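So the protein sequences, as listed, match chains G and E. The first sequence finishes on residue 324 if you use our numbering, and the numbering steps up by one all the way, no holes. The second sequence finishes on residue 533 if you use our numbering, and the numbering steps up by one all the way, no holes.
Hints were generated in silico from the structure; no laboratory data involved. All values reported here derive from a predicted model rather than from experimental measurement. Just so you know, not all the hints are guaranteed correct.
[Stated by the list, open to error] In silico BS3-like links for lysine-lysine, alpha-carbon gap of 25 Å or less: (1) G:Lys163 / E:Lys262; (2) E:Lys81 / E:Lys273; (3) E:Lys399 / G:Lys163; (4) E:Lys533 / G:Lys163; (5) G:Lys163 / E:Lys512; (6) E:Lys98 / E:Lys467; (7) E:Lys357 / E:Lys408; (8) E:Lys194 / E:Lys295; (9) E:Lys98 / E:Lys81; (10) E:Lys194 / E:Lys109; (11) E:Lys31 / E:Lys341; (12) E:Lys103 / E:Lys81.
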Amino acid sequence: MLRYVIKRLLLMIPTLFGAAVLIFLLMRTIPGDICYLRLAAGGGSVVQDVLDNCRRELGLDQPMLTQFITFIKGLVTFDFGNSMWTNRPIMEEIGLRFELSLQVAIMATLTAILIAIPLGTISAVKQNTWIDYFVRTFTIAGIAMPSFWLGILIILTILITSKAWFGVAWMPPIRYVPLWEDPWYNLSMLIWPALATGYRYSAVATRMTRSALLEVLREDYVRTARAKGLYEKLVINRHALRNALLPVVTVVGIEFAFLMGGLVVTEQVFNLNGLGKLFVESVLNHDYQMTQILVMMVVAIFAFTNFVVDIIYAWLDPRIRYSR
Amino acid sequence: MKWKTGILSLSLAAAFAVAGLAAPAAAQTPKKGGILKFVVPDEPPSFDGHRETTFALIHPIAPFYSVLIRPDPQDPADSSKFVCDICTEMPTPTDDGKTYTFKLLPGLKFHDGSDLTSKDVLATFDRIINPPEGISSARKAEFTMVESVTAPDPSTIVFKLKYPSGAFIPSLASPFHFIYSKAKLDQDPRWYEKNVMGSGPFMFDVREAGARITGKRYPNYHHKGQPYLDGFEAIFAKTQTLRVQAIRGDQAAIEFRGFPPKSRDDLVAALGKDITVQESDWNCVLIFTPNHERKPFNDVRVRRALSLAVDRWGGAPNLAKIAIVKTVGGIVFPGHPLAAKKEELTQLAGYGTDIEKSRAEARKLLKEAGVENLKFTLANRAVDQPYTIVGTWLIDQWKRAGIEVEQKAEATGPFYAQLRSGNFDVALEFNCKSVVNPLADVSKFLGSAGDQYGRFKDPALEEMHQKMNRTSDVAEQRRLMRAYEKRVLDEEAHNFISLWWYRIIPHRSYLKGWKISPSHYIGNQLDVVWIDK
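My request is simple: use the sequences and hints to build the entire structure.
Next up, the structure:
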């Protein structure tokens, strides 16, 4: 197992390097100039020497190879530098946003798991009954409905119903306060995006749970367990569900990593100051340094999540032996 | 459907009635206390007002600073009325209009307790007019008339001009000209990019990256009794839908930039008397610019045809229902004494009231130029208000004159990359200014201007601009402005005005003392604003 863990960790290095090369080159193919955007796009003119000076300060006058080596050196030494747009340390810019994105991702994942596993299990066990049909409709709606659209509906519903019931239109807070500072305020802001994204997330996981469980329920060992006279609850929970969860864990892992940087539109709907919003802004602003670091961070999160998922596989299915 | 329209009209009438009551409301005794929450569409790249050009800096940062002079916060709609902020009175120029002497208020203090003297004002304007190497000054070009700035004693600051200029006072009143501390600038000329320390009505409190900036009341503010608010919270909210909902759900009282008519109507319908709407012509305009270096737009006949095909008078009232544009105008902010009146406008190509006649002339010009079936691409910003809406309207106008146009809307970065490289046929761009200062604002139309993308040279136009800026005789300025305007829009057809923007600010009715101005850069120090809850 230890050898496997080390091997997997080492394999992350070429993945991260490949991503670094790719994002470095891609950012430089987008037409536009951060200096012009920063100094003149708000309306106004800027003289060439000011632009040249700005490019010099940002290191954009250096040859591409030099810029790339500086970038890689920064990654290796964990010196991520400053945002080219705000000229503030990238870690400072990411800090608060990371915390928020992580909380939303955890809350959405919990929402999804709490919905998906019971619903998927019931749906499989009660296959082709009205319960199964209901769950399938519920999940198809979840997959079909974009999270941001559901988010808009949630906000409008809250505004309209609060006005109708209490006479005052209430909407969720639009600025983030950490959980430990004011739990009620924090949850009253984040519960809604967690529900909006958790619903879609749970729909995918529910369908995966259902199909995996249906497959497992037809396995010989389940038939054997039933033939032994075990309680049905025990057969489902101990023998069938645990084995059916392998693909579900994969889906949950991928979705979790996606939530850390991919909630671009949903974040804007709820005014979440998260990583997705920062991502889009940094691309639009041509903030190469920030975009590169964010991409590398998301790649690292994906790689790490996959790594954790593989470890969970081993725990769920003792037949898997990675050391071979 | 009719009853809905009826209700909406009634609600609108109610809201405007409330807006109409704004004047008596302002006469009420301001109440002290409260935190004003407002939404801002973007976060500023830095805190340095001298460097930046975006309203995203002004809205959250202006309340921390004083300026030398400013548009009257009690009457910001009057684009020619300026008052002192830290000076005692507006000076009368001496030396044939070439010397302006400002006396500073006594006992001015920065938020850190240090004295604010003329040395600080001098250091501030030195940095703006003659920035040291490595420092960007966005409005340096507006002060070409300034010969020297001196501080003969701690309470006096003197501006000496090379020639009398009507553009000087409006330029001086820019809301971006924050007064900085000389000590801080001496310590690090770039200190103000990342830090805030001024002498304005509010002291810097908190900045949360990408989320908010807050300020708290400065008790030693030089306008006694002000500010009325205990503090403010500027919340960054990128999407317009969210900003509208934030006001509806009372998470914010106002957004200072402006909403489209539909959002105003939605808020009025939802909140009734709890919302007040203020509206004004806006010192921003969408300009369509042909690339003179690209065929067939190197032919003045083709360029003129583009303007002749557009029915501004017919389009304005309809576009005003869906977009933040409304007023037909020339190159000068409508309503300003230097702006063209309707009878003067109608003499210009594309401003005639008989659109069929104009379009027939456009077709004739295109035929003469040998491009009867003209096709081109309109480069535009992928921003719906008002860019893509006006772009789509223009395409329809051109189609009616037999011109086929495709719109290519791109994000701001690639859009400007195209414009700067000259890789476009015709572009829809903007001219958005703060203090209404026509003599400076129209420099945008010069071939030599840094933000002129038409790629042409016109020495005669440059000469006209210089003459206009070197006379203090308003009648002469006006005459020269008409000639300048005719050359830009008609004779040489360098750039064309589509429609002037229209600023609509629906805000919570408990917000008092704030008055709309022709610019979203003005009126954001918040010292006269109060909350009546």
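We went through each hint and held it up to the structure:
Distance check on the hinted pair: Lys163 of chain G and Lys262 of chain E sit about 21 Å apart at the alpha-carbon level, within 25 Å; holds. Under the criterion of a C-alpha separation no larger than 25 Å, the hint pairing Lys81 of chain E with Lys273 of chain E is inconsistent with the structure, at around 31 Å. Using a Cα cut-off of 25 Å, the hinted pair Lys399 of chain E and Lys163 of chain G is violated, with the two alpha carbons roughly 47 Å apart. This hinted pair checks out: Lys533 of chain E and Lys163 of chain G have alpha carbons roughly 18 Å apart, not beyond 25 Å.
For the proposed pair Lys163 of chain G and Lys512 of chain E, the alpha carbon gap of about 24 Å is at most 25 Å, so the pair holds. Distance hint between Lys98 of chain E and Lys467 of chain E is fulfilled; the C-alpha atoms sit about 16 Å from each other, no more than 25 Å. For a cut-off of 25 Å, the pair hint linking Lys357 of chain E to Lys408 of chain E is broken: about 30 Å separates their Cα positions. The suggested pairing of Lys194 of chain E with Lys295 of chain E is violated, with an alpha-carbon distance near 46 Å, which exceeds 25 Å.
Note on Lys98 of chain E and Lys81 of chain E: the hinted pairing holds, with a Cα-Cα distance of about 20 Å set against a maximum of 25 Å. Note on Lys194 of chain E and Lys109 of chain E: the hinted pairing holds, with a Cα-Cα distance of about 21 Å set against a maximum of 25 Å. Between Lys31 of chain E and Lys341 of chain E the alpha-carbon distance is near 42 Å, which puts this suggested pair outside the 25 Å criterion. Distance restraint check for Lys103 of chain E and Lys81 of chain E: the Cα-Cα separation of roughly 19 Å lies within the 25 Å cut-off, and the hinted pair is therefore satisfied.
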